[in-house]
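Chemist: Here the structure of chain B is known, so what remains is to put chain F in place on it, guided by the hints.
Line by line, the protein sequences give chains B and F. Using numbering that gives the first Met the number 0, the letters of the first sequence map in sequence onto residues 0 to 525. Using numbering that gives the first Met the number 0, the letters of the second sequence map in sequence onto residues 0 to 525.
Source of the hints: derived by calculation from the structure; they are not laboratory data. Check before you lean on any hint, since a few could be wrong.
[Stated by the list, open to error] Just so you have them, the derived chain B footprint on chain F, three or more residues with Cβ under 8 Å:
#1 118-132
#2 151-159
#3 212-223
#4 232-241
#5 252-263
#6 268-276
#7 491-500
Remember, predicted model here, so these are calculated numbers, not experimental data. The beta carbon of each residue, even a glycine, is placed where N, CA and C say it ideally should be.
Okay, here's what each chain looks like letter by letter:
Protein chains: 2
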Amino acid sequence: MHRTGRGTMSRRGFLQIAGAVGGSTAVYRAAMGLGLLPLVANARPQVAAAGPTPLKVIVLGAGISGLTAAYELHRKGHSVQIIEASHRAGGRNLTLRSGDRIDETGYPQTCRFDADPDLYFNAGPARIPGHHHALLDYCKELDVPLQPFINDNRNAWVQDDAMFGGKPIRAREYMTDTRGFIAELMAKSLTPQQMLAPMTPADWERMREYVRQLGELDDNFRYLGSSRAGLARHDYTHPDLLKPPLSPSELMKSRFMYIMSFGETDDQAAMMMEPVGGMDRVVSGFMRKVGHLVQLQSQVQSIRLQEQGVEVTYRRDGKLVTTRADYCLNCIPLHLLAGVDHNFPADYAAGFTAIPRGKLFKIGFQMKERFWEKQGIYGGISWTMQDIQQIWYPSHGIHRQKGVVLGGYSWDPAACDRFTRLAPAERFELAIRQAEKIHPDYRNYIESGVSIAWHQMNHMLGCAAQWDHDLLSRWFKRLQAPVGNHYLIGDQVSYHPGWQEGAIASAHHAIADIEQRVRELRVVAA
Amino acid sequence: MHRTGRGTMSRRGFLQIAGAVGGSTAVYRAAMGLGLLPLVANARPQVAAAGPTPLKVIVLGAGISGLTAAYELHRKGHSVQIIEASHRAGGRNLTLRSGDRIDETGYPQTCRFDADPDLYFNAGPARIPGHHHALLDYCKELDVPLQPFINDNRNAWVQDDAMFGGKPIRAREYMTDTRGFIAELMAKSLTPQQMLAPMTPADWERMREYVRQLGELDDNFRYLGSSRAGLARHDYTHPDLLKPPLSPSELMKSRFMYIMSFGETDDQAAMMMEPVGGMDRVVSGFMRKVGHLVQLQSQVQSIRLQEQGVEVTYRRDGKLVTTRADYCLNCIPLHLLAGVDHNFPADYAAGFTAIPRGKLFKIGFQMKERFWEKQGIYGGISWTMQDIQQIWYPSHGIHRQKGVVLGGYSWDPAACDRFTRLAPAERFELAIRQAEKIHPDYRNYIESGVSIAWHQMNHMLGCAAQWDHDLLSRWFKRLQAPVGNHYLIGDQVSYHPGWQEGAIASAHHAIADIEQRVRELRVVAA
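So that you can see chain B by itself, here it is in the shape it has in the complex (with noise of 0.2 Å):
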């Protein structure tokens, strides 16, 4: 019976839902304090300042996670040295601007664009919620300014060749009208008659309520179109006139893509930030306190484990270099740290070939006018189905003549594939006809173009590590513990690579180790 079938829910299957994490909620709760939970962040290792005798510390690469490290010990009188292969520190945190080389196996490339400081392109990371304490922390303390970042843009517009033939809609429209359309379904699939006692009429009422106002229904919970889609003419001389709403059935068609739900995700909710000038304004900071540690163009040739401490050999300006260090930090990608010569057990280096690593890539194009604004875009991002997935309008420069948009930006293997294939001139091409699709004239206005594609970059030929529920169980714990006097390090090495707030994680965790046995080792000595 209908009654007491599927449909029906009461007010003691609805707490039970909440029960269902367990008893240890109760417990935990009481323990936070019920609705103080704070914002738990990554803990800044407390490092003591260096004795008589510093450590000797090695960092191998000089991406965030190394530069972190480095700073760290170095402030607190410790010797470092940090082991850079490519011309430039970052890694991944890497911002285009005039002039800027491309270092792609195959097709170097480089950037173009006008010499100015608001034409830039992150090519890697480009924006940091909130809750990303520690990088903030360093943003902060190194003076990296910061501005607000538009991640979601509800101007901006959808596009999927599933629905209306193509035609794009604007974000607003797709999502108001898809919601209102299913919350008039929902409203009226919620019959009183579907709860059981004790859920009270009131409390039927205000599950209704909340259903009207998610989908901004009428008094009849029906939804005829919203203001909340943008009204037909934003001329405040005329009454207001409503759009009508998107035909339900074309709505029907479309994929739900996740942008109904990206601006409610734990990092990519509002607000996120970026660094004023460019996401390198983060390496910069660092590299203000450690640049002078840093040796680049030095590829590493072999990491030999030792009684006490870490040999570490690089080769520099043709030359082979060995040096010694008391613990060595690692941030050489895995897959690449497999193809140098080195002494760790077998069942620890096995690891290193074993995290698949994705691909990314990404192009940017300078636009010698910012025509998105004039379709009242100001920032965010355009959403498609077609491979180059995304365009980011910047959110910085608000009303300049030019601006840098992001043309494309995919980590479908396959995706990445039917890119990075081509040559970038080509690349541009398959970008600019499908951006088409969004913006008719966007040809016009494309004046030059970069293309990023990670898993082709030297030194790097992978992006962020592919980690899956076997994986961390299998591997994470032995990669993250060190190896006689050897840390890995990097994003890789975190529960939330691909982020630079990973990166500095795993550094810290290091340093910490690092610390802890210090301390020991002196007491032992004392």
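Modeler: Just chain F, lined up with the frame of chain B:
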């Protein structure tokens, strides 16, 4: 029988919803090009250059509408004079900085913020959506740089005495957990049996998948928490730990505050902007062009329609001055205009007192430390059901030492009264006590405060005009149309009161009408 009851919906029924807006829809869609609806903005009037006999125009009030009208006419060579009663231009566009005077009747105040360009408080309008084209065009034309304004911040707090014993919870937890539980209930309520042919099993699956994504339900359509609510720890050296979901019964007690959909609405949806340095940079932009035409502290005493033109008498430095113009554009608040001597037709003047004015109260506090940033809150709004209603954190000056917080913002008449009957120091105390429910140590950070009661400000004595459906149909056209050569302007005579875009629209409307009349006169004369 339930299968044909209100819980059922056929595809046909679904499509009828779309048709409900009437037959004009299809035509409209066809005309506009499906999915390519432009953001139609108020059309900027094309004013012809003044001929050998420029118009003489008097503008009453140097608010945004008056400044717009003066700018448009002056730059085409017409002779413009602006008469302003107050000591400053801008009307309700008011940004308070160190030393500024707050001209409240009975409670004059002086802003005691530090003299620092970052420490300002937008006492009137404070944000601009991307579809306010007319205002945005002026920002561009008048060199008013803009930056993103963070309106929605999921890391901010929600506080309601009705839930969780009044303890605040993060907006992202409130929204995610509420939506999760409701989505679970919906998913349980939506049964295939409720779908009539030709609704297909595929439709049913899609619908349920949408609900699953909406609430981030698990594979069994249960809500067991979501990372959208934020993780219990954002320490990425450990596995992700979901926050246990909040109690649904507590969430149900809350009044489903409109913040659940605040960030979805037409004018408030992401993204929004603010002028760099304060909203009154818009006023400064206009004043750079027409400031020399403005006479401050000049109070209008009489407006007399004449055979051709308008005669205005105002008091300045204790003396009465009478001036005559071909046209008069008047943005004096309607309810104050009722107290001015005039010879308007009685059925027109009756409208001056027919439209009630809103109340609006705001408080700004200079904080000696940006304590909210330590909680991961960068910009955005915390919400409470108390009288202060909102706490805004500044989107600019991230990581600087100090910041100005909006400590209260109410347009509820009773709440406004509870504040404005108090002296400023008592208002601050009341606002602090309420804010302490969200930030227990709030008081410790406060260095100085300002309060604005727009309904008590001199030369204003009310906030936005409060039109309703009946008032609009009875009065709007009458008041929007000229009487002789006199035009009412201001956001008060627009379909968007309380927004600068409405003020500009009203000025454009009046100017376009004058332009049309002048053109017709030329044709007659020729």
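Chemist: Taking the hints in turn, state whether each one holds.
Modeler: Here is how each hint holds up against the structure:
Judged by the Cβ-Cβ criterion of 8 Å, the region 118-132 of chain F is covered by chain B as claimed, because 4 of its residues qualify and three suffice. Given as covered by chain B, the region 151-159 of chain F passes the check, having 4 residues with a CB less than 8 Å from a CB of that chain where 3 are the minimum. Here the region 212-223 of chain F counts 6 residues with a CB under 8 Å from a CB of chain B, which clears the bar of 3, and the coverage holds. Counting residues of the region 232-241 of chain F whose beta carbon lies closer than 8 Å to any beta carbon of chain B gives 9, which reaches the threshold of three, so the coverage claim holds.
Figure legend: the region 252-263 of chain F, annotated as covered by chain B; annotation consistent (6 residues with Cβ-Cβ distances under 8 Å, at least 3 required). Counting residues of the region 268-276 of chain F whose CB falls under 8 Å from any CB of chain B gives 4; the rule of at least 3 is met. With a threshold of 8 Å between beta carbons, the proposed coverage of the region 491-500 of chain F by chain B holds, since 5 of its residues qualify and at least three are required.
Checked against the numbered hints above, the structure violates none of them.
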